[in-house]
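**Q** Given chain Y, work out where chain S should sit, using these hints.
Just so you know, the sequences run in chain order Y and S.
Using the UniProt record's numbering, the first residue of the first sequence is number 1, and each one after it goes up by one.
Using the UniProt record's numbering, the first residue of the second sequence is number 1, and each one after it goes up by one.
The hints are simulated quantities; they were obtained by calculation from the structure and are not laboratory data.
Hints may contain errors.
Any copy, or any two copies together, can satisfy a pair, since identical chains are not distinguished.
Only pairs whose alpha carbons sit at most 20 Å apart, straight line, appear in this in silico EDC-like list of lysine to aspartate or glutamate [stated by the list, open to error]:
| no. | residue 1 | residue 2 |
| --- | --- | --- |
| 1 | Lys15 | Glu27 |
| 2 | Lys248 | Glu6 |
| 3 | Lys248 | Asp543 |
| 4 | Lys15 | Glu28 |
Remember, predicted model here, so these are calculated numbers, not experimental data.
There are 2 protein chains.
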Amino acid sequence: MLTDIEIARSAKMRKIVSIANELDIPEEYYNLHGKYIAKVSHQYLNELDFKKDGKLIMVTAITPTPAGEGKTTTSIGLSMAINKLQKNSIVTLREPSLGPVMGIKGGAAGGGYAQVLPMEDINLHFTGDIHAVTTAHNLISAIVDTYIKYDKLNIDSTRVLWPRAMDMNDRSLRDIVVGLGGKNNGYPREDSFVITTASEIMAILCLSKDLEDLKERLSRIVVARNKEGDPITVKDLEISGALAVLLKDAINPNLVQTIENTPAFVHGGPFANIAHGTNAITSTKLALKLSDYVVTESGFGSDLGAEKFYDFVCPTFGLHPSATVLVATIRALKYHGGQSKSALSIPDLDSLKKGLPNLQVHIENLKKFNLPVIVAINKFETDSQEEIKLVLDFVKDLGVECSVNESYEKGSEGAVDLAEKVIKSCEKDSELKTIYNFEDELEIKIDKLVKNIYRAGRVEYTSEAIQSMKFLKKYGYDKLPIIMAKTQYSISDDPHKLGFPKDYTFTIRDFELSAGAGFIVGLAGDMLRMPGLSKVPNAVNIDIDKNGNIIGLY
Amino acid sequence: MLTDIEIARSAKMRKIVSIANELDIPEEYYNLHGKYIAKVSHQYLNELDFKKDGKLIMVTAITPTPAGEGKTTTSIGLSMAINKLQKNSIVTLREPSLGPVMGIKGGAAGGGYAQVLPMEDINLHFTGDIHAVTTAHNLISAIVDTYIKYDKLNIDSTRVLWPRAMDMNDRSLRDIVVGLGGKNNGYPREDSFVITTASEIMAILCLSKDLEDLKERLSRIVVARNKEGDPITVKDLEISGALAVLLKDAINPNLVQTIENTPAFVHGGPFANIAHGTNAITSTKLALKLSDYVVTESGFGSDLGAEKFYDFVCPTFGLHPSATVLVATIRALKYHGGQSKSALSIPDLDSLKKGLPNLQVHIENLKKFNLPVIVAINKFETDSQEEIKLVLDFVKDLGVECSVNESYEKGSEGAVDLAEKVIKSCEKDSELKTIYNFEDELEIKIDKLVKNIYRAGRVEYTSEAIQSMKFLKKYGYDKLPIIMAKTQYSISDDPHKLGFPKDYTFTIRDFELSAGAGFIVGLAGDMLRMPGLSKVPNAVNIDIDKNGNIIGLY
Chain Y
1 MLTDIEIARS AKMRKIVSIA NELDIPEEYY NLHGKYIAKV SHQYLNELDF
51 KKDGKLIMVT AITPTPAGEG KTTTSIGLSM AINKLQKNSI VTLREPSLGP
101 VMGIKGGAAG GGYAQVLPME DINLHFTGDI HAVTTAHNLI SAIVDTYIKY
151 DKLNIDSTRV LWPRAMDMND RSLRDIVVGL GGKNNGYPRE DSFVITTASE
201 IMAILCLSKD LEDLKERLSR IVVARNKEGD PITVKDLEIS GALAVLLKDA
251 INPNLVQTIE NTPAFVHGGP FANIAHGTNA ITSTKLALKL SDYVVTESGF
301 GSDLGAEKFY DFVCPTFGLH PSATVLVATI RALKYHGGQS KSALSIPDLD
351 SLKKGLPNLQ VHIENLKKFN LPVIVAINKF ETDSQEEIKL VLDFVKDLGV
401 ECSVNESYEK GSEGAVDLAE KVIKSCEKDS ELKTIYNFED ELEIKIDKLV
451 KNIYRAGRVE YTSEAIQSMK FLKKYGYDKL PIIMAKTQYS ISDDPHKLGF
501 PKDYTFTIRD FELSAGAGFI VGLAGDMLRM PGLSKVPNAV NIDIDKNGNI
551 IGLY
Chain S
1 MLTDIEIARS AKMRKIVSIA NELDIPEEYY NLHGKYIAKV SHQYLNELDF
51 KKDGKLIMVT AITPTPAGEG KTTTSIGLSM AINKLQKNSI VTLREPSLGP
101 VMGIKGGAAG GGYAQVLPME DINLHFTGDI HAVTTAHNLI SAIVDTYIKY
151 DKLNIDSTRV LWPRAMDMND RSLRDIVVGL GGKNNGYPRE DSFVITTASE
201 IMAILCLSKD LEDLKERLSR IVVARNKEGD PITVKDLEIS GALAVLLKDA
251 INPNLVQTIE NTPAFVHGGP FANIAHGTNA ITSTKLALKL SDYVVTESGF
301 GSDLGAEKFY DFVCPTFGLH PSATVLVATI RALKYHGGQS KSALSIPDLD
351 SLKKGLPNLQ VHIENLKKFN LPVIVAINKF ETDSQEEIKL VLDFVKDLGV
401 ECSVNESYEK GSEGAVDLAE KVIKSCEKDS ELKTIYNFED ELEIKIDKLV
451 KNIYRAGRVE YTSEAIQSMK FLKKYGYDKL PIIMAKTQYS ISDDPHKLGF
501 PKDYTFTIRD FELSAGAGFI VGLAGDMLRM PGLSKVPNAV NIDIDKNGNI
551 IGLY
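Just chain Y, same shape as in the assembly (with noise of 0.2 Å):
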């Protein structure tokens, strides 16, 4: 089979005025940036507000594994053959970060026959939203440490919030010392690097419905605290306006095109562990005006992106989810039962019979969302016929539907089965049930998570989490919703549990803070946010010819 770039550069793309043509919308609401990408304007969901919501479908996944998944490579086989079946359909999809592009893990604009094109510049700068939040953020740092150089608004230098943030995998950021070099250059303090997409500017861009929601979330973004303990917020910076205008273009939607030439939205792209894990709302909310099937997913496995999305963005913005597709594959799930990575390709029906339960419990998981779940096996060429059928029998045993996803390598053909079932399950009017309530209390809402999604048997919170508590509940931040952050390498909140663990003791090792974004974090474990770069990066790999043809993205 070819590469991914090469599948996509053998590709004929339709210019992107065509398919906004075919969307109606107008030519005042996008600006082109180059012939296949347009950004449309989210204003532009204003004059739409007399139509119907489409049906919304979330792609979600078992617990990862290094074997791969191929969420996103299903999410577009799913929403082209959706369009195949003659019904509309746009998907949404997260934006590629830079640093890990040249870092180890390529892109992240779907494989094979399911991509979002252009794909090159989907997974380099593309329309320059990151770049907007990298500016943005690293615009608080600096006004923090000046108003620190000046001495204004009392600020304790030693309890900065706010790190800083570049779009590159570079551990030696990770831990620094600032200000050094004398007076002129401020004071000297502890700080760090996290990678943008950690940034919670990051997720407030893409939790904000319009220019207004930004700066208002902008400006409840807690920085700091002053030498009194009290929170200082970037409305005392006075900067929300400066932050906003910096992020004008990134709010708006980036309108680019299936390897099918159907229309996807591909915008924005916040962690699931330390954030919410799903595309900007702007997208999704258009997406949804503008055609009857968005399909969208979430981040890492069900427990971290599925959880966020239906108990905390749904909620948020009175979303009226559908259907849940699951996505697992043989290979990941015969890790999960204990086979090495090496051995993969190899039929084995043991080790992946071991490796079930993981599927198990995302199932059941998903189920309490009450709404339809489809589990979609993605197919890689290794898959024996005996280890599909063995999947397909468990699966319809626990009564849930399921489909082989085939669309890696097949395209829309490949999905066909999966979006009929997919279109059935929409037809049922379900209602999305969430885990907790806004109204709990903060250990409530934790205790139902851990129980219901995590399987723990109890919760204990350390001595930092339990002095963190007590500075959310002052100053009344402990009514916010709950993001967890955990591992994503298990539905517990140890890397090394795998399969489907039950019964342990889950630890709350502090909170912080996203005043912003609008949630408070749990942090059950030590969550990277600034990656570092393989021994042999994939950067050495990438080249261009004369011409601009790039070679060794992917």
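**A** Just chain S now, with coordinates in the frame of chain Y:
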């Protein structure tokens, strides 16, 4: 008078498509960035070999003062006026950096009725060129620290020559320690951030003819020395391809329009002390093919930007400039004559007279390049008739043309006389003479500059400079042209020497190598490469309403 942003907003812009059409740029050779900005492929130049170049006019200024000289405003006004005289003209400018926009300086898209539009975009993220430079710059840093961690290339971590970069005024990042926190984060070392426009990659971007040239230049960057003292280059890091991929769009000229709908390229922005200080060469070359008169500007006073343009840029690219416009203001001349900043609006022939020697030395210096010099007095409404007459007479006595430029208040109408004089001067068949030759020994080059331009009696080298010279000679870098990094506030190396200093000692403190850009930097003073924010930064004045209208940018 209205503010810049009010004037800009009330202007009627033409769609950039129609401007591109008038320039006969085929659609396949440009990409739109919204309705009013296009990126023109640098490869379009290959189609234009058959065309003769237009005349090249370089706009420079007297020694800068806090009073402002209006070089960009004059360049734009002059180009608009040439168009008004029924000749084709394109103005080529540097693009503003976001750091200063948020700091104290405001934007850099001209002013009053001589602006380039859309000023909001140009002053904000524009087409993302600077962000691309930041990313490429920091990829090198991340790779260097990764290779140090994994003990590749035998890099001496105490001799990393490559800082990190950010497009922000952030003094806290001037002196930092990175790599703290233990083994996983690499090895601690001293480091610093420069503002992106000070990155060698910005200079390289502006000096690269095409993607191959770009890749070649990138590969030559010296990033560190190994434990034997030998230079380590980007070629050794094996990432020239990845860097070129990150810069593949940034190399393409940005086409915008002036407030009178004439074409303008705004592209790249290297410093004029540690780098060469003019917009990207692809834009200048393209403008020369597309119009009869190209007006370009160079950074700071003529001792910095103009000298570098004539001695380095023109010979490197075989450019044949036709005339020099030297911008002066009554206010700045009074400041040079000893008047305080607060009193510059009061007529004061005495201070003005005392300041005239600064104008004189710039005129004398510029004459040495053998091109016609035209002085443009950039008029402010507080200038008195007597003051203007004094300057006109003074310039006439030096045998040089002089014109009063009122384009800030009147647009092209205010620069017609200037345009006529410039056009007339271009008719002479002048040939550029440089101060030094590329073949001269390094010390000879410096000696010629110091005596002819900086007007010192002698040069001294510190022991650091002598040491660095040995390194340059050992590895054959001493044959490169010299770019002098010195204060912009005096033609000398001392910011306190106003007016026309002479017979002093010029001190070369050290050398730096910009092997990718292709020059040696002579450091004659401390160059601040990372500005800071002021106590009340401009960011607090910037705001946006719900319809996207911005205030506080200028």
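**Q** Each of the hints needs a verdict: does it hold here or not?
**A** Do the hints match the structure? See the list:
{"no.": "1", "hint": "Lys15 - Glu27", "in the structure": "both (14 Å within a copy, 13 Å between copies)"}
{"no.": "2", "hint": "Lys248 - Glu6", "in the structure": "between (34 Å within a copy, 19 Å between copies)"}
{"no.": "3", "hint": "Lys248 - Asp543", "in the structure": "between (33 Å within a copy, 11 Å between copies)"}
{"no.": "4", "hint": "Lys15 - Glu28", "in the structure": "both (17 Å within a copy, 12 Å between copies)"}
The structure meets every hint from the earlier list without exception.
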